[in-house]
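There are 2 protein chains.
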Amino acid sequence: MPKIAHHISIPGLQLDAASKVPAYKQVYGHISAAILSKQIRAGQRMPSSRVLAESIGVSRNIILLAYEQLELEGYITGSVGKGSFVSEHLDNDLPAIKHKKEKIATAENTQHIAYDYPVSKMFMDRESSKAGKKPFQNPEPALDHFPFKVWAKCAYKVFRELEFSHLNYNDAQGYFPLREAIASYLRTNRAVNCEAGQIIITNGTQQGLNLIASVLVKKGQQFWMEDPGYINAHAVFTHAGANAIHIPAGHDGFDVDWAKKNHPDASLVYITPSHQFPLGGTMPVGKRLLLTDWAAKNKMWIVEDDYDNEFQYTSGPIPSLQGLDQYKRVLYLGTFSKVLFPGLRIGYLVLPDEGMVKAFAHAKAFADRQNSITDQMILHEFMSNGHFTIHLRKMRVLYKKRQDVLLALINQYGEDLIRAEKQPGGMHLIAWLREDINDSEMAAYLNNNGVTVLPVSAYAVKFKPKPGLLLGYTAFNDKQLTDGLLKMITLIKAKIVKV
Amino acid sequence: MPKIAHHISIPGLQLDAASKVPAYKQVYGHISAAILSKQIRAGQRMPSSRVLAESIGVSRNIILLAYEQLELEGYITGSVGKGSFVSEHLDNDLPAIKHKKEKIATAENTQHIAYDYPVSKMFMDRESSKAGKKPFQNPEPALDHFPFKVWAKCAYKVFRELEFSHLNYNDAQGYFPLREAIASYLRTNRAVNCEAGQIIITNGTQQGLNLIASVLVKKGQQFWMEDPGYINAHAVFTHAGANAIHIPAGHDGFDVDWAKKNHPDASLVYITPSHQFPLGGTMPVGKRLLLTDWAAKNKMWIVEDDYDNEFQYTSGPIPSLQGLDQYKRVLYLGTFSKVLFPGLRIGYLVLPDEGMVKAFAHAKAFADRQNSITDQMILHEFMSNGHFTIHLRKMRVLYKKRQDVLLALINQYGEDLIRAEKQPGGMHLIAWLREDINDSEMAAYLNNNGVTVLPVSAYAVKFKPKPGLLLGYTAFNDKQLTDGLLKMITLIKAKIVKV
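Chains R and D, in that order, give the protein sequences. The first sequence begins at 851 in this note's numbering and counts up by one. The second sequence begins at 851 in this note's numbering and counts up by one.
Honestly, the hints are just simulated from the structure, not real lab data. Careful: at least some of the hints might be erroneous.
Chain copies aren't distinguished; within one or between two, either way the pair holds.
[As the list claims (entries may be wrong)] Capping the alpha-carbon separation at 30 angstroms, the derived lysine-lysine pairs in DSS-like fashion look like this:
#1 Lys983 x Lys870
#2 Lys1178 x Lys870
#3 Lys1208 x Lys1068
#4 Lys1316 x Lys1343
#5 Lys875 x Lys1178
#6 Lys1007 x Lys1244
#7 Lys1147 x Lys870
#8 Lys1251 x Lys875
#9 Lys1316 x Lys1337
#10 Lys1069 x Lys1272
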């Protein structure tokens, strides 16, 4: 028996002629809201399109469009000749839906979600640096010296010549011409043994570390880690389930003999041999050979993070450990965050062999398929036209000068409060404090008073380092360095007297 | 007692005046290689810089620079007045290093690395599509209709106005103006209830899925998955340790009642309610309410993937399930890969509350800190100037026409071999085969013969679907569609006759 319910009226349905929402959408929205809030009930017959159109003074077509969408989404069902009805299978036991704009809900739902990403506060607070960088934030490139016009010119060329074939999904390993440019640069400048086929383009070092963790790290596996060392690498590998073995590190890198003797079971090591982070030294060739030999004999993977080797002031860049290793046990990590700009999000991994390349290409595809294509093309343009080398050369000169300025300031004003040594490279100096001072407390106090510093101890886990403060100098001009340093010394004095 | 070893000679040291390698680097390279290969032994005294300079006819400064680098890297040690010596602590038991350029090593080292990324072949083979897309690759935007000039104009503006503050590390959640543009678009066009503060910018849907897995998925947890459904989501969640519960899905989405009854313990569900992938239907509002109600009562998270809802041809886009859910249980996933271009790598997540936003911002920072900044700025420029809406409108008209063309072709030439139904939206049709035909074998056969298709069964796990082939039509013009379809039908005929 066909339903012969009365036509229902649609309460309050009026169109807003001034609205940018199309008329049929307004009708649709009003009726669906009325159904959801149970002003109109399941099984009720809808007014015919002709009747409704007349009653609100619009063309019948508008009502037909609205009904079509309501039917498509299951609000109403209809059959020719019998009219449309509010769907029977709408569950009327459901509470009425309130349609209102809400601000973001507070965390009541998700308070219980344990997000245990060991992401440092520094890491998440980066945005605040937009307001105006303060000395001695580390490590920040001198972004005001970035060659904006040249970069823009490269970008124009890329966007002018962009073809539809570029826009589609592409090689997960990265844009091939860029990989060729990087390989050529690394061979010439870092003595890295590599071809474009060994390179995987990443969204920066952080993703590179995550890819390594996802391909190589197994739960419970041990890895050696310099102490003090780069805590973000520590965070990524331990998050993946590995156990960190902290190896005491000094100016000339970490103690390979101690590590071999005390923790021979580790199967991965993360190091910064060209420029130990944060202490700043270079691992001598003897230790390098000890390490590569041990790695070969013990099937250990060496992760070489060569994060800022471009900035060597007294010599050229230090040749990579990768180039010295004849056993193919090294995964080499590089980034453009320090030499160009962090917001670019382009880094790379150089892998030792085909099997590894295949595994990492899969891991990258699984993570996010590939890097953004146009950024890769712009960077390729920038490198292949020689701009990269020119920029590096300029920054090397600028940064060396800035280190000299800071060092002279420390020598002149540091008294017995802080001392520092000339560094052959890098983007920061360490201002060593008196041994009785807690660098972590001092750093917190300075940060609260407008001087941005990080304590050496923030990078140490098991072995207590001498107290010191990392002073990034590359992003600051002479005046900023001078004002910053004098302010810092005044603050330290006040603090020490108070203690 | 000071060493009084004889000065050693440096065998074969000659400079190449034509080389681009600086003279001091040539000296350094030659000597370090001689030390590594043990032509020069530990403890031997180096010739004085003056003597060596004279013997090879260069300025003494060049030799001093070379010695400085050799000392920095630990090859030699020196003291004023006593001369330089090859370092004692170089381990002479190490085998001699051979310095030669090698091609990429084969996988001997790493054959044993088990990379178990469930990345489909289709996924990794995308690059081959560069050579020239073939019908009926799915889903590909009509990239030859991409507004290159307008996009380039937006890019020029961004690069012209780029400031150094943009280049630094930025908000892990994504560029705020872009998030505002997306939120506004989603509120108006998808009935998504959201503010910019709820959005996390991702490198596309694949990263969005990984972030969800890393924040919400626990080992052994159950999740509902449409069957057939989007296999990449299945891959990401199971890779993270969750157990997939496959729920039979039809044209109107998956069977909520069946899922509730048979698998009430699941705490996550992944769905494509606006346009079921791959079947193409819309989940009716009754089912949507059933699901959100169940999710609220059972603390289940709903992942709504709204991947191509922009392309609805007979009505406007379907309002999101997120907008209907009053309980804040929905994580909404969107992407620009389908509506703009895949190589852009920008997608987004809309999260239900503050706690979730905080967790995901940390997860994103941990994964790769943030998206590339300039791409976000270009996209913001493109959206805020109305180009996005215009482009969508054009593509909607174009894609609708292309669907009509393909449908007409199938009706005219499909005979009893394939049939298809008009779809209200999306980027592909399903060509249903005779029920006795194995769609997977048929697809393999067609692919081998130059017709790119995917079988429906490739997306099914537990429930056998009717045999059919996914035909993407959006990227192909009338001639390509016609030629492709005729070729496909000829091939199917030949294959069936052979069987």
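Status of each hint after checking the structure:
1. Lys983 x Lys870: Neither: 43 angstroms inside a copy, 39 angstroms across copies.
2. Lys1178 x Lys870: between (63 angstroms within a copy, 28 angstroms between copies)
3. Lys1208 x Lys1068: both (18 angstroms within a copy, 28 angstroms between copies)
4. Lys1316 x Lys1343: within (19 angstroms within a copy, 80 angstroms between copies)
5. Lys875 x Lys1178: Answer is between; shortest inter-copy Cα gap is 25 angstroms, intra-copy 63 angstroms.
6. Lys1007 x Lys1244: both (24 angstroms within a copy, 27 angstroms between copies)
7. Lys1147 x Lys870: neither (71 angstroms within a copy, 37 angstroms between copies)
8. Lys1251 x Lys875: between (65 angstroms within a copy, 23 angstroms between copies)
9. Lys1316 x Lys1337: Within. Shortest intra-copy distance 23 angstroms satisfies the 30 angstroms Cα cut-off; inter-copy 75 angstroms does not.
10. Lys1069 x Lys1272: neither (41 angstroms within a copy, 51 angstroms between copies)
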